[in-house]
Structure formats: structure tokens, C-alpha cells
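As you go down the protein sequences, you meet chains A and B in turn.
FYI, in full-length UniProt numbering the residues of the first sequence are 1 to 241.
FYI, in full-length UniProt numbering the residues of the second sequence are 1 to 290.
It should be emphasised that the hints constitute simulated quantities derived from the structure, not laboratory data.
Wrong hints could be hidden among the right ones.
Unchecked claim - Below, computed lysine to aspartate or glutamate pairings styled on EDC-like, alpha-carbon distance capped at 16 Å:
#1 K69(A) - E70(B)
#2 K236(A) - E70(B)
#3 K6(A) - D89(B)
#4 K166(A) - D15(B)
Now for the letters of each chain:
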Amino acid sequence: METLRKAFWLARFEFNVSKIHYLILIPMIGIYAVFFNLTMDTYLEDNLFLVDILLIVYLYTISFMGKPKGLQYQKMDASFYASPYFTMLNQLPIKHKVLAASRFFSPYFAVFLGMVLVLISTYILSTELREAIAPLPFISLIFIWLCISFSLGGQFPASEPGHQIKRFTLFWSYVIIFLFFILLYLIFQLWLGIGLFNWTITLANEYPILSIIVSILGSGLMMFYWFRYSLKQIQKNDYLQ
Amino acid sequence: MTLPLTIRNVEKSIDDFKLKINELSFEEGTITAVIGTNGAGKSTFFKMMMNLVKQDSGDIDVFGKSVNGEDESWKQLVAYQAQTLIGCDPFTGEQLRKLMAELYPSWDEQLFRRFCEKLRIPLNKKVHKLSPGVRTKLNLALNIGKNTSLLILDEPTAAMDIPSRNDFLQFLLELMESGDKTILIASHQADDIKKLADYLVFIQNGEVTKMLEKDSLIFSYRLFWLKEEPPVSRIPGEIKRTYKKVILSNQPDKTLDYLTTHNLAIADEQIPTLEDIIHEVLMEGEMINV
């Protein structure tokens with residue numbers, strides 16, 4: 001509890017300079033809500049894959065939108081990428097657990113705001129979505145997508161301690177992203193015959209409570225994994241900058 | 001009594017560079033200057049003490065606690081100033097002050113304010129809008145305000161104007177008056193080292209010397225200005241000869257004996273400057289194996 005309290009204090013300190021950046025979320029939420037509204041009809045009928053892709057791109061983007069450039073993960077020297085702000089905090093008397101935990105508040109706050117607002121806006125704008133899911137299961141849908149966002153978006157705060165980027169690291173990262181979307185297409189579009197977002201609508205409609213429980217458990221495990229990964233990186237890295 | 005900092009048999013390899021420290025103990029109430037050429041490993045040496053760079057082998061203890069251990073409380077006793085202030089760009093000096101005051105129980109608000117006033121550091125401007133010199137001053141103010149028992153300063157006066165540098169040196173000397181502070185400072189400024197340091201540690205080709213008492217080191221060298229050129233190419237103790245008649249010796253007694261025995265007249269005899277000695281040690285490898 002003490003770890004979380006101190007981590008929250010650090011996150012609040014960071015929020016003093018990053019709060020203005022949360023304003024960027026407003027036009028993003030608007031653009032995506034309009035896009036989802038315009039495409040929802042086609043998506044629910046024909047499983048338009050582009051909607052699933054953009055939903056995932058959106059949740060990744062909002063994870064780091066709330067941070068000024070100086071706090072973001074970036075190139076520190078020829079081969080080392082990290083957050084300079086993290087590097088500075090690591091020189092101070094802050095326990096590694098507190099430091100690692102503190103990194104998650106800001107992106108998760110942005111993800112929470114961004115995901116909840118875009119889903120609610122789309123629900124208000126789109127008649128097709130309102131017809132596809134009633135208000136109570138829709139709450140379950142919000143939970144599912146928040147948990148997916150926390151699970152995937154956790155890799156950004158977990159990366160802040162830094163990585164040695166070797167010659168082909170970036171290339172392999174792009175390959176992994178490409179393979180992820182291929183896998184998504186194969187599993188949902190080809191195998192299940194339904195889009196990812198549409199599939200979560202079905203889950204929320206048919207198993208609203210179970211979906212919430214499984215989502216929370218799954219994202220809890222993923223968040224713990226990212227937290228441990230972050231601690232491992234702190235121990236492993238040499239901060240020569 | 002627990003020493004502020006002890007280092008035993010530490011080794012670190014980074015690509016083809018290797019840093020090796022046999023044994024060093026830093027006593028309370030002393031200032032030690034760490035001296036080396038650019039890229040000699042001074043910053044890596046400091047970062048290992050802060051556990052920012054992990055040693056391959058050996059032990060580093062700060063106030064009796066291993067820097068690699070689970071207990072990270074030792075960090076509250078250390079103020080570390082890296083060469084550049086990174087990760088602070090979006091913050092103002094005032095915001096950074098709040099952060100440091102929260103994290104360091106020993107934070108001295110009055111000392112911090114006094115330092116900022118003396119060096120005219122604007123606290124309401126964002127760091128990215130400050131000139132490199134003012135950034136350095138702010139960085140120093142924050143580290144002095146921490147009022148910790150151990151200060152590790154990596155080239156703190158680089159990019160600072162002369163009046164500010166003098167004020168900073170005065171502040172450091174004032175801090176030392178309490179007798180419970182220990183300072184490690186890396187500097188290329190011979191004047192800073194001369195004014196501040198009690199001990200010197202040289203880093204050369206990845207090898208770290210033992211601690212050398214500054215005054216003893218200075219007095220172990222002597223410049224002899226001879227009236228005529230000596231008949232031999234190298235006389236006992238001689239490490240350098242300039243203008244054919246000026247002998248720099250690191251064994252002055254032996255040199256003097258030789259000169260007296262061989263009736264070589266001495267026009268003048270001087271203690272060389274610290275800068276000259278540092279030059280000899282760094283460029284010619286003198287004293288490195290002392």
C-alpha cells in the first residue's frame with residue numbers, strides 16, 4: 001500500500017506538467033468516435049477488419065499521448081532507448097518498486113479516459129451499436145476494452161527503464177506488429193468469422209458478469225507481468241548517459 | 001565507524017573498455033577529486049557508486065550498505081550530480097525543488113534558497129528554457145539543498161561562469177565546515193582541485209589509483225632550474241627536462257644529492273603547480289603505480 005501511495009505521489013507530480021497534454025485526447029476521441037460511428041453499420045454486418053485495426057492503434061496511441069516529449073521513451077544514445085525522466089528519477093532515493101509502479105498511472109489514466117469516452121461517444125452516436133448491445137451489457141463491454149487496453153498499453157510504462165536497441169531490433173519489432181495483425185485476422189476474421197470488437201460485443205451480451213471477471217483477472221496478470229518486466233529492466237540496464 | 005564509501009575489487013567491462021578499482025575507502029569530512037582524461041571512466045566510476053551502472057564483480061558499500069542490495073535506503077544519504085541534467089526539461093526549478101524536498105529527509109530549504117539567490121537562479125522558468133550554465137547552477141542548487149552526507153559531483157563547474165564557480169566553491173567549503181560531509185568531485189579544473197581537494201584519485205586507461213594525499217603529492221615533486229645543462233641524459237629522480245636545464249623530479253632528495261655531488265649549480269628550486277603534476281600523471285603515466 002505504501003508503495004502505491006508513493007507511486008501515486010510521483011504520478012501526481014508528473015501530472016503537473018502533463019495535464020495540458022491530455023487536451024490532445026479530446027480531438028482524438030472525437031475523430032475516432034466519428035469514424036467508428038460511420039463504419040459501425042458495415043462493421044457489424046461485414047466485419048470490416050479496419051475497425052479492429054484502428055481500435056488497437058487507438059488504444060496504443062492514447063497510452064503515450066498524455067506525456068510531454070521530455071517524459072516519453074526516446075533515443076538516449078547510439079543504442080539505448082529509455083525515458084529520460086525515468087533515468088533522472090532512478091538517480092533519486094526512490095525504491096525501484098515505487099518507481100516502476102509510478103510509471104503506470106499516467107498512461108493508464110489516459111487509456112481510461114480515452115477508451116471510456118470513445119466507446120460512450122460511439123454508443124451515443126451510433127444507432128447500430130445501440131441496437132447491437134443494451135446499456136447494461138455495454139458496461140461490460142467497456143470493462144472488457146479497458147482491460148484489453150491496460151493489458152496491451154502496459155508495455156509502454158514497462159519500457160520506460162529502457163532497452164538496448166540492436167541493429168535489427170526495430171526491424172523485428174515491425175515484424176512482430178505485422179504478425180500480430182495477421183494473427184488477429186486469422187483468428188477472428190477467418191476462423192471465428194467475426195471481428196474482434198464484434199466478438200467482445202457478443203461476450204458482453206451473453207456473459208456480462210463472467211466477461212468482466214475474466215477481463216479483470218486477465219488484465220491483472222498482464223499488469224503484474226509488465227510490472228515485473230519493468231523491475232527486471234531496471235536491474236539489467238546500465239545507465240551510462 | 002561506518003565509512004561513507006568503500007570499494008573493493010570492482011571490475012566493469014563495457015565493450016572494449018575495462019575499469020578496475022582495487023580498494024578505495026573514503027573518509028568522512030574529506031573531499032576527493034577524481035581526475036582523468038576525457039573518456040577515462042570517471043562518470044562510469046561515479047555511476048557504479050549510484051548503482052546506475054552495475055559492476056561485473058566486487059563490492060561497493062555506501063554507509064555500510066551494498067549498492068546492489070535490497071535495502072535502497074542509502075540513496076537518501078547521497079546527492080549525485082551527473083554531468084548533464086536530463087529528464088527535467090518540462091519542469092520548473094520550483095517543481096524540481098518540491099520533488100527533492102519530498103524525497104530527501106535532510107533537505108535544507110534555507111541553504112537551497114541562499115544558493116539560488118547568490119547564483120541568481122530563476123526557479124519559475126522551465127528547465128528547457130535555461131542556458132546550459134544556468135541548468136548546471138540549478139542542478140548544483142538542487143544537490144546542495146539535499147544536504148546529504150555524501151555528495152558525488154561529476155564535473156559540476158563545467159559551463160559555469162567564473163563568479164558563480166567561485167561562489168559554488170565557497171558554498172562547498174562552507175558545507176565542509178560541519179565536518180560530517182564527504183565529497184567526491186570529478187573536475188578538469190586544476191584550480192577547483194587545488195582549492196577543494198584533500199585527496200586525489202587518478203583514473204588512467206581504466207586503472208584507478210589508490211587515494212593520494214594532495215599536499216604530499218605536490219611536495220613529492222620539485223622543479224630544479226640549473227645554471228648549466230647536466231652532462232647526463234637522465235639524472236636520479238628526473239622525469240622531465242625542459243629547456244635542457246629545467247629538471248622536474250619526483251624524487252627531489254635523490255636529485256638534489258646528485259646535483260650537489262656533481263657540483264651542478266641550482267639557479268632556482270620550485271614546487272611545481274598542481275596542473276603540471278596532473279599533466280605528468282595523466283599524460284606521462286607518472287605516479288599511477290604508487
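A quick look at each hint next to the structure:
For the given pair, K69(A) sits about 32 Å from E70(B) by alpha-carbon distance, which is inconsistent with the 16 Å threshold. As the CA atoms of K236(A) and E70(B) are separated by approximately 15 Å, the hinted pair is consistent with the 16 Å bound. Note on K6(A) and D89(B): the hinted pairing is violated, with a Cα-Cα distance of about 23 Å set against a maximum of 16 Å. Between K166(A) and D15(B), the direct Cα distance comes to roughly 14 Å. Compliance with the 16 Å bound is thereby established for this hinted pair.
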